[in-house]
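S.K.: Mapping of the sequence shown onto our numbering: residues 1 to 395, in sequence order.
FYI, nobody ran anything at the bench for these hints, they're computed from the structure.
Among the hints, a few may not be true.
In the EDC-like style, the derived pairs of lysine to aspartate or glutamate whose C-alpha atoms are separated by at most 16 angstroms in a straight line are [stated by the list, open to error]:
1. K118 to E98
2. K146 to D175
3. K316 to E133
4. K253 to E278
5. K33 to D74
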Amino acid sequence: MTIRMTALEHSLAGIDLREHLSFTKAQTSTMVKTIRNFPGVSGCVLISTCNRTELYISCNGSQDPGQLLCQAADTPYAPYRSAFVTRSGEDAVTHLMEVAAGLRSRIWGEDQIISQVKDALTLSREAGCTEPELETLFRFAIAAGKQVRTEVRLTTLPTSAASIAVALLTRELGDLTGKRALVIGNGEMGRLSATLLHEQGAQVAMTLRTYRHGETIVPPGCSVVPYGDRLSAMEGLDVLISATTSPHYTITKDQLSTLSAPPRYLVDLAIPRDIQPEAATLPGLHLYNVDDLGDFREHRAVPPQVREILREQMEKFYHWRNYRDCMSVTDSLKSAILERLTYTPERNTVETCQDALELAVSKSVDLLLGGLAEGITPENLSRCESKIRLHTVKR
1 MTIRMTALEH SLAGIDLREH LSFTKAQTST MVKTIRNFPG VSGCVLISTC NRTELYISCN
61 GSQDPGQLLC QAADTPYAPY RSAFVTRSGE DAVTHLMEVA AGLRSRIWGE DQIISQVKDA
121 LTLSREAGCT EPELETLFRF AIAAGKQVRT EVRLTTLPTS AASIAVALLT RELGDLTGKR
181 ALVIGNGEMG RLSATLLHEQ GAQVAMTLRT YRHGETIVPP GCSVVPYGDR LSAMEGLDVL
241 ISATTSPHYT ITKDQLSTLS APPRYLVDLA IPRDIQPEAA TLPGLHLYNV DDLGDFREHR
301 AVPPQVREIL REQMEKFYHW RNYRDCMSVT DSLKSAILER LTYTPERNTV ETCQDALELA
361 VSKSVDLLLG GLAEGITPEN LSRCESKIRL HTVKR
């Protein structure tokens, strides 16, 4: 089996294309089940975020992940053909490691990507769509990302779309102290947006569809508005940020046109978009989406420490895979040795069990060394001896 992946690159596909291949968690779960059932696919993981859609599959090597993704989403493949970047084998492994480390994010060193990669693996596992190689690769990639976050400071710039949005609003409005803001959406991005606005001194409210004590998290200092009352709560606002996973618009041009004083600045952090693009035509209103926030990657070399972390985690993955591949032939190897020993002429002259045991061990080791002659080293043999002696002592 081969690991293949395809990435829908934001630099090659505009938001009009990307939003058709952006999925909620429930949709992602359905998608991986569909893709897993395609011929030749033994496992898959789908990462879907506001700026990233990536499909990883374990397959027989002939499948086109981008075509499978479009087929599962019932979306024509042709418009995406030039926007997909597909990688296989070691290139796919390296790419996932760099994604988890934040090196491939639109925002260099993005904070949210670790949890997003972890969530993608969890969704696929719960849907029964992972297999050992993909599962292990993702676990090592997540470990690499966590280690990079812990040990290396990649950037001094804002590291989330929410922080970029608040920085933009600060540039446009100046001091946000006392400014009135509403955040639509109580997910991770919505809560972060509300928190950052509050820290800048804004008066922040956020919408909730339902409230369950002990389950719904409302950032400190923020008030709550029922989702159904969101339109009336927009009257006279300075700022509106929408960051939901809704497949439909949360705000339309017609809704905004009914307000006597609609929000001055609107930021849409969702894909698919929350705010109808035509709203930008209303007088006095400034609308920004994720593509308007720009590409905030720092164009500089990756620190050597980060490269070393990724190299170590990739080596661990390849060591695991090599060991698994070796173990898969263990039974046939045992049978071959047993067969060889059974028909050895010397076996007929053995008179004691001890002699028979010594002969079996001697010939087994000789046969193994002969088969591994091109790859064996004294160090490997010493490790095997230590493992055997340790196991013997424990028994």
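S.K.: Go through the numbered hints given earlier and state which of them the structure violates, listing their numbers in rising order.
M.R.: 2
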